[in-house]
Amino acid sequence: MNTQENKLLEAVVERLLPLDDDLTRRAGVAAYVAAALEGPIHGGNRTLIERGLDLVDGVAEDDYERNFTDCAAAEQDAVLEQIADAEDRSVRHFFQTLTSLVLEGFLCDPSHGGNRDEIGWRFMGFGDSEPRPSDCLEEIET
Amino acid sequence: MKRDVVIVGSGAGGGPLALTLSRAGLDVLVLEKGPRHPREAYRPDEMRVQHRQFYIPDLTRDPHTVVTRKTTESVRTHLGWISTCVGGGTVHMGAYLYRFHPDDFRMGTLYGETEELVDWPFGYEEMEPWYSMAEQEVGMSGRAELNPFEGPRSQPYPLPPLDRHPLSENLDAACRDLNLHPYPTPRAINSRPYQGRPACAYCFQCAGHGCRVGAKGSSQEALIPRAEATGHCEVRAECSVTEVLVGPDGWATGCVYRDADDQEHEVEARVVCLSASSVESARLLLNSKSARFPDGLANGNGHVGRHLQFHGVSYGQGRLAYDRHPDLPLRARHPFLDVSAMDHYFLPEGVSEIAKGGLLRFDVITANPLAMGQEVAFGSGKIRWGRDLADALQRHCREGVSVGFEVFHDFLPNEGTFVDLDPKTTDAWGAPAARIHLDLPEHHGIAGRWVVQRGLEILDFMGAEDLKPTTLGGTSAYLVHGTCRMGTDPDASVLDPWCRTHEVPNLYVVDGSFMPTSGGAAPTLTILANSFRVAHHIASELD
Chain A
386 MNTQENKLLE AVVERLLPLD DDLTRRAGVA AYVAAALEGP IHGGNRTLIE RGLDLVDGVA
446 EDDYERNFTD CAAAEQDAVL EQIADAEDRS VRHFFQTLTS LVLEGFLCDP SHGGNRDEIG
506 WRFMGFGDSE PRPSDCLEEI ET
Chain B
1367 MKRDVVIVGS GAGGGPLALT LSRAGLDVLV LEKGPRHPRE AYRPDEMRVQ HRQFYIPDLT
1427 RDPHTVVTRK TTESVRTHLG WISTCVGGGT VHMGAYLYRF HPDDFRMGTL YGETEELVDW
1487 PFGYEEMEPW YSMAEQEVGM SGRAELNPFE GPRSQPYPLP PLDRHPLSEN LDAACRDLNL
1547 HPYPTPRAIN SRPYQGRPAC AYCFQCAGHG CRVGAKGSSQ EALIPRAEAT GHCEVRAECS
1607 VTEVLVGPDG WATGCVYRDA DDQEHEVEAR VVCLSASSVE SARLLLNSKS ARFPDGLANG
1667 NGHVGRHLQF HGVSYGQGRL AYDRHPDLPL RARHPFLDVS AMDHYFLPEG VSEIAKGGLL
1727 RFDVITANPL AMGQEVAFGS GKIRWGRDLA DALQRHCREG VSVGFEVFHD FLPNEGTFVD
1787 LDPKTTDAWG APAARIHLDL PEHHGIAGRW VVQRGLEILD FMGAEDLKPT TLGGTSAYLV
1847 HGTCRMGTDP DASVLDPWCR THEVPNLYVV DGSFMPTSGG AAPTLTILAN SFRVAHHIAS
1907 ELD
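From first to last, the protein sequence lines are chains A and B.
For the first sequence, the numbering used here gives the first residue as 386, with consecutive numbering after it.
For the second sequence, the numbering used here gives the first residue as 1367, with consecutive numbering after it.
In case anyone wonders, no lab produced these hints; they're calculated from the structure.
Worth double-checking, as some hints may not be accurate.
Only pairs whose alpha carbons sit at most 16 Å apart, straight line, appear in this in silico EDC-like list of lysine to aspartate or glutamate [stated by the list, open to error]:
#1 B:1748 to A:466
#2 B:1368 to B:1600
#3 A:392 to A:439
#4 B:1748 to A:470
#5 B:1834 to B:1823
#6 A:392 to A:470
#7 A:392 to A:455
#8 B:1748 to A:472
#9 B:1655 to B:1869
Examples of chain A residues toward chain B, derived with CB under 7 Å [to be verified]:
#10 402
#11 492
#12 494
#13 518
#14 522
Glycine included, every Cβ here is placed at the ideal spot set by N, Cα and C.
Here chain A stands alone, though its shape is the one from the complex:
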């Protein structure tokens, strides 16, 4: 992905998971998604996501005569609502797939590049109300 495509991806990811304290970016979610689309597990979705992001920009142009990245947050949300509720099944499939990738980027084991510093886990309570996935085994090893 080029710089503009990456910026678009980051902007969409930020609207899919808008968190205080810039947590989504700090967890590395968009970076995870970009890398995953080049990788063995999700590489097959690359075209779907690229086309979907083009569509997102297209809707922003139609409605606001601006790139998605130049729209205000509320405008961006309005664009994404249209995508999420699109009649076209393949558009909704794009939205679902991207949301799925965002969740991985936020909550996967950090060894895969996302969930940096376990930001996602802590956000959901893993480490306080829930044990972290590796807590039990770390106990055994010490």
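Once you have looked at the hints, place chain B on chain A.
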């Protein structure tokens, strides 16, 4: 050097064979396609369960393909790949090991025999001592006397039940109030140190993961090492068998395998046992063509690959909010609820064409972050995103717990579900890939829905909310059987009652392939038990 026995695969089929035959003093070689993972390699990484890359081959190099009613061309799939490593699927199983009910062996007699639905050539009584042996050998924890629906048993489980989440008491009470008969889920996991292996550490990553401490009774931990310790069993990992060889007299002479450096080797043996799991054992037979066996080894009657089954599984769950149930011990953190109930193993008349229901297995929905996040985003019909998703993710684990259940139920063998060789797709070495044809009889959805409803009623009785089925009439990725069914009629089966191929006197298929029908309960214990049974027979024949 000619071995007594070569075994292809080291999972639920290969493990009992290796242990029994090497104990009998026979010279055994196990050829396992996958690697032997050290315990430290079993990291608690959810992505391994969700995406399976760690446990199964790279599909760009070693695919299966699948066609269904909705597809025209076959597509690459992980379906039918269970686990390619020393220990096979038993490495990452949830270790819920149940016996079949006596009626599971007699589906033809009970529900009308067809070409697809037949009796086993023996009954529960013949399998019983082998069930007991398998339970002792892998190390099982449970209290069988609490399940009134089980067939007779000659031995109790060797270990008492695992510890359970305190909520299991409430669930047991709810079941009993509804006139059901809950019992502790029998687990192939040490509740106490056993055979030199430690007791369970109660981590939260059991099902789908290899056991980091060695408490799970996998073939890798419980069977293979003891086979090797006899001095008569050699295991070669990363050795992929590509062909079974047959001599001019029609007897198997051994096999060809490819090692980790892509070098080919030939091994000679008096007896060859295929334990590569249903899809791959069938594929190996089909790819072992010769002048005598132009349609694949032991496939003169065309039955190799037919009657494939992927065990029926259905799921449901409900939510228990902390503030609504101060009386329930919801804040306890324990991975296992381990409550099972066999009360709905049979359906009332009139619900489905076949009056078979399923086995209910309750559990906490373990707090695994990614799965929880997906539940929050996708679990309510409409995708949650944006602020909605953010808020829900933050609240979810802090507000309560989810409790659910799995239903194991029959996969009816049918004409539309079988394995053959893909005419276009090969693996990276040029061997045709296994092509899975999948068709699901209506009964699966009907039985799944009915038993899921009963499960949801129990959760409702406990006061759970957001009750919902999550899968109805689904098929398991890990529980695969059929393809070389066992029978007394050589025109209608691949194997005789001892898992010996009808056509090749020293060739056996000893994994899940032999199963004529799937049983209601999950098949793993039955595969282990049958393998012990067949192994003892082979040992006595070779003496």
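Status of the hints after comparison with the structure:
1. For the proposed pair residue 1748 of chain B and residue 466 of chain A, the alpha carbon gap of about 12 Å is at most 16 Å, so the pair holds.
2. This hinted pair checks out: residue 1368 of chain B and residue 1600 of chain B have alpha carbons roughly 13 Å apart, not beyond 16 Å.
3. Straight-line distance between C-alpha atoms of residue 392 of chain A and residue 439 of chain A comes to about 12 Å, which keeps the hinted pair within the 16 Å bound.
4. The suggested pairing of residue 1748 of chain B with residue 470 of chain A holds, with an alpha-carbon distance near 10 Å, which does not exceed 16 Å.
5. With a C-alpha separation of about 11 Å, the suggested pair residue 1834 of chain B and residue 1823 of chain B falls inside the 16 Å cut-off, and the hint holds.
6. Note on residue 392 of chain A and residue 470 of chain A: the hinted pairing is violated, with a Cα-Cα distance of about 24 Å set against a maximum of 16 Å.
7. Of the supplied pair hints, the one linking residue 392 of chain A and residue 455 of chain A holds, its CA atoms being roughly 11 Å apart against a limit of 16 Å.
8. For the suggested pair residue 1748 of chain B and residue 472 of chain A, the alpha carbons sit about 14 Å apart, so the restraint of at most 16 Å is met.
9. With a CA separation close to 14 Å, the supplied pair residue 1655 of chain B and residue 1869 of chain B stays within the 16 Å bound.
10. Interface hint status for residue 402 of chain A: upheld, as the beta-carbon distance to the closest one in chain B is roughly 6 Å, under 7 Å.
11. A least Cβ separation of about 4 Å between residue 492 of chain A and chain B falls short of the 7 Å threshold, and the interface hint therefore holds.
12. The interface hint given for residue 494 of chain A holds, since its Cβ lies 4 Å from the closest Cβ of chain B, which is under the 7 Å cut-off.
13. Taken as an interface hint, residue 518 of chain A checks out: its beta carbon lies about 5 Å from the nearest beta carbon of chain B, inside 7 Å.
14. Checking residue 522 of chain A against chain B: minimum C-beta separation of about 5 Å stays under 7 Å; hint holds.
The structure does not agree with numbered hint 6 stated previously, though it agrees with all others.
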